[in-house]
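Trainee: Numbering (my numbering), first residue to last: 13 to 96.
Fair warning: there could be bad hints in the mix.
[Stated by the list, open to error] Across the chosen pairs, the derived CB separations fall in these ranges:
| # | residue 1 | residue 2 | range |
| --- | --- | --- | --- |
| 1 | 91 | 69 | 28 to 36 angstroms |
| 2 | 90 | 66 | 13 to 21 angstroms |
| 3 | 70 | 91 | 12 to 20 angstroms |
| 4 | 66 | 91 | 27 to 35 angstroms |
| 5 | 89 | 66 | 28 to 36 angstroms |
| 6 | 69 | 90 | 25 to 33 angstroms |
| 7 | 31 | 72 | 17 to 25 angstroms |
| 8 | 27 | 89 | 13 to 21 angstroms |
| 9 | 75 | 23 | 30 to 38 angstroms |
| 10 | 77 | 36 | 30 to 38 angstroms |
| 11 | 91 | 29 | 13 to 21 angstroms |
| 12 | 82 | 39 | 18 to 26 angstroms |
These are calculated hints, taken from the structure and not from any lab test.
No residue lacks a Cβ here, since even glycine has one placed at the ideal position from N, Cα and C.
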Amino acid sequence: RDANKSIVFSVTCLGRYQLDRVDEFLRKFSSCVTQTMHLITNDDKHTLRSPLSIKLIEAIANHYFCVSYRWLIDYIKYDRIVDK
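Turn these sequences into a full structure, and let the hints steer you where they fit.
Mentor: Okay, structure coming up:
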């Protein structure tokens, strides 16, 4: 990974427990993720449907990866990178 290239994760509509899992993920996998921008969303109420937020609209407009919180949990669960 390029030392000057930063990796940015943003979250929207996550609860405290979910934010703790994001912290766990970042401690465990931050050196493995090579994409520069991901938005982690909450789809607990409706699978594969995220609550509409300004962060989600901005992420889509800027062609960032928008991923479910469940995607992050799979990283942690399987202890390896999984496809988006």
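Trainee: Now, for every hint given, state plainly whether the structure supports it.
Mentor: Comparing the hints with the structure gives:
no.: 1; hint: 91 - 69: 28 to 36 angstroms; result: holds, 33 angstroms
no.: 2; hint: 90 - 66: 13 to 21 angstroms; result: violated, 32 angstroms
no.: 3; hint: 70 - 91: 12 to 20 angstroms; result: violated, 31 angstroms
no.: 4; hint: 66 - 91: 27 to 35 angstroms; result: holds, 34 angstroms
no.: 5; hint: 89 - 66: 28 to 36 angstroms; result: holds, 30 angstroms
no.: 6; hint: 69 - 90: 25 to 33 angstroms; result: holds, 31 angstroms
no.: 7; hint: 31 - 72: 17 to 25 angstroms; result: holds, 22 angstroms
no.: 8; hint: 27 - 89: 13 to 21 angstroms; result: holds, 18 angstroms
no.: 9; hint: 75 - 23: 30 to 38 angstroms; result: violated, 18 angstroms
no.: 10; hint: 77 - 36: 30 to 38 angstroms; result: violated, 19 angstroms
no.: 11; hint: 91 - 29: 13 to 21 angstroms; result: holds, 20 angstroms
no.: 12; hint: 82 - 39: 18 to 26 angstroms; result: holds, 19 angstroms
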